[in-house]
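**Q** Protein sequences appear in the order of chains R and G.
Taking the numbering used here, the leading residue of the first sequence gets 636, the next gets one more, and so forth.
Taking the numbering used here, the leading residue of the second sequence gets 126, the next gets one more, and so forth.
Do not take every clue at face value.
To be verified - Listed below are several chain R residues computed to face chain G (Cβ distance under 10 Å; list not exhaustive):
(1) Phe686
(2) Gly689
(3) Ile697
(4) Gly735
(5) Arg738
(6) Asn740
(7) Leu743
(8) Thr748
(9) Ala790
(10) Arg793
(11) Asn805
Unchecked claim - Just a few of them, taken from the derived set where beta-carbon distance is under 7 Å, the chain G residues facing chain R:
(12) Pro143
(13) Val163
(14) Asn195
(15) Val197
In short, the hints are calculated from the structure, not lab data.
No residue lacks a Cβ here, since even glycine has one placed at the ideal position from N, Cα and C.
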Amino acid sequence: MKTAGIVVFPGSNCEHDVAEALAVVGMGSTMVWHGDQRLGGVDAVVLPGGFAHGDYLRPGAIARFSPVMAAVEEFARAGGPVIGICNGFQVLTEAGLLPGALRQNRGLKFLCTEVKTRVDSARSALTCGVATGTVLTLPINHFSGAYSCPPDTLAELRAEDRIVLRYVDNPNGSVDDIAGICSSTGNVVGLMPHPERACDPLGLQDGVRLWASLAATVAGAGADAAPASHRG
Amino acid sequence: MRFAVLVEVRPREGIANPEGATIQRAVAGLGYEGVSGVRVGKAIRFHLDAPDEAAARAQVEELCRRFLTNPVIEDADVSLEAEAGAGQRA
């Protein structure tokens with residue numbers, strides 16, 4: 636069974652939802668404490684949502700220096716899939732694994748609602764199994780979710796087809812309606828919506844399609860999905 | 126030497142600052158005219174022991190770049206003041 640390492644920071648609160656969602660698509664998971672130096676033999680890494688270190692200074696600013704982040708960076712550089720959701724996305728931008736920053740929502744509103752998002756690029760580890768143009772209904776739950784970046788970065792993201800998810804009706808003032816982006820190699824993905832909370836028959840289920848993409852990625856649809864040095 | 130350090134973090138020019146915009150509207154609502162360009166950031170104060178002011182400034186600026194600010198959306202102004210009699214304090 637393919638396994639994802641779910642990084643738990645002090646203040647993370649979506650790690651068990653992620654584990655449940657991974658189980659839905661047949662993936663195992665293991666919790667990795669932020670103070671650990673090693674990821675162990677995992678096939679993917681997920682940085683879950685929450686409020687790591689209380690969001691003090693800036694969301695993700697302290698978490699990015701957690702001991703485990705050196706291993707996460709190495710795993711990402713070697714081509715391993717790294718998914719950052721909400722607070723996890725903020726950690727990835729602070730760590731420089733993804734460009735840009737998440738600033739406070741337009742209107743200073745904490746948003747807790749469902750939104751329609753559109754998959755605009757299928758070249759990432761989290762969207763490779765979903766046709767572009769597909770609209771997914773996903774929950775959002777954030778205060779600092781307005782994606783922001785310099786114009787040249789935005790031009791690069793567009794040119795390289797790295798804007799993987801856009802809001803159909805921009806809720807937070809994100810530049811270019813951006814809800815999620817990926818690295819130039821496609822293996823590092825950050826998004827503000829919570830696909831792990833949309834995997835239950837009693838509620839939303841569109842998140843399953845994204846997790847199924849990750850499962851397909853680690854199953855070898857992308858041959859370099861998990862670097863050999865991190866296996867076993 | 127011991128320095129009193131003040132780091133003022135502010136949103137970069139061109140980055141929306143909804144907090145500042147809200148305060149500006151409230152100020153106008155209170156009847157005060159002529160207030161514009163309200164921006165809200167944060168102030169971080171600490172003490173720093175360093176050999177001299179140049180070394181202190183270099184260290185604080187590195188700290189700003191790496192940790193205290195996010196250069197994508199924030200700038201910082203650094204003020205340093207030598208603290209009197211600091212040499213005798215523990």
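**Q** Each of the hints needs a verdict: does it hold here or not?
**A** Outcome of the hint check:
At its closest, the beta carbon of Phe686 (chain R) sits 17 Å from a beta carbon of chain G; the interface hint therefore is violated under the 10 Å criterion. At its closest, the beta carbon of Gly689 (chain R) sits 15 Å from a beta carbon of chain G; the interface hint therefore is violated under the 10 Å criterion. About 8 Å separates the beta-carbon of Ile697 (chain R) from the nearest beta-carbon of chain G, less than 10 Å, and the hint is met. Taking 10 Å as the C-beta contact cut-off toward chain G, the hint placing Gly735 (chain R) at the interface holds, the least distance being around 6 Å.
For Arg738 (chain R), the suggested interface contact is upheld, since its CB lies about 5 Å from the closest CB of chain G, less than 10 Å. Contact between Asn740 (chain R) and chain G, as hinted, is supported at the beta carbon level, the nearest pair being about 8 Å apart and thus within 10 Å. With its C-beta approaching chain G no nearer than about 5 Å, Leu743 (chain R) sits inside the 10 Å limit, and its interface hint holds. The beta carbon of Thr748 (chain R) comes no nearer than 18 Å to any beta carbon in chain G, farther than 10 Å, and the hint placing it at the interface is violated.
Hint status for Ala790 (chain R) relative to chain G: violated, with the closest Cβ pair at about 15 Å, above 10 Å. Nearest Cβ of chain G to the Cβ of Arg793 (chain R): about 17 Å, over the 10 Å cut. The hint is violated. Taking 10 Å as the C-beta cut-off, the interface hint given for Asn805 (chain R) is violated, the closest approach to chain G being about 13 Å. The closest approach between the C-beta of Pro143 (chain G) and any C-beta of chain R is roughly 5 Å, which is under the 7 Å cut-off, so the hint is satisfied.
Checking Val163 (chain G) against chain R: minimum C-beta separation of about 14 Å lies over 7 Å; hint violated. At a threshold of 7 Å, the smallest CB-CB gap from Asn195 (chain G) to chain R is about 5 Å, leaving the interface hint in force. Interface restraint check: Val197 (chain G) against chain R, minimum CB-CB distance 4 Å, threshold 7 Å, status holds.
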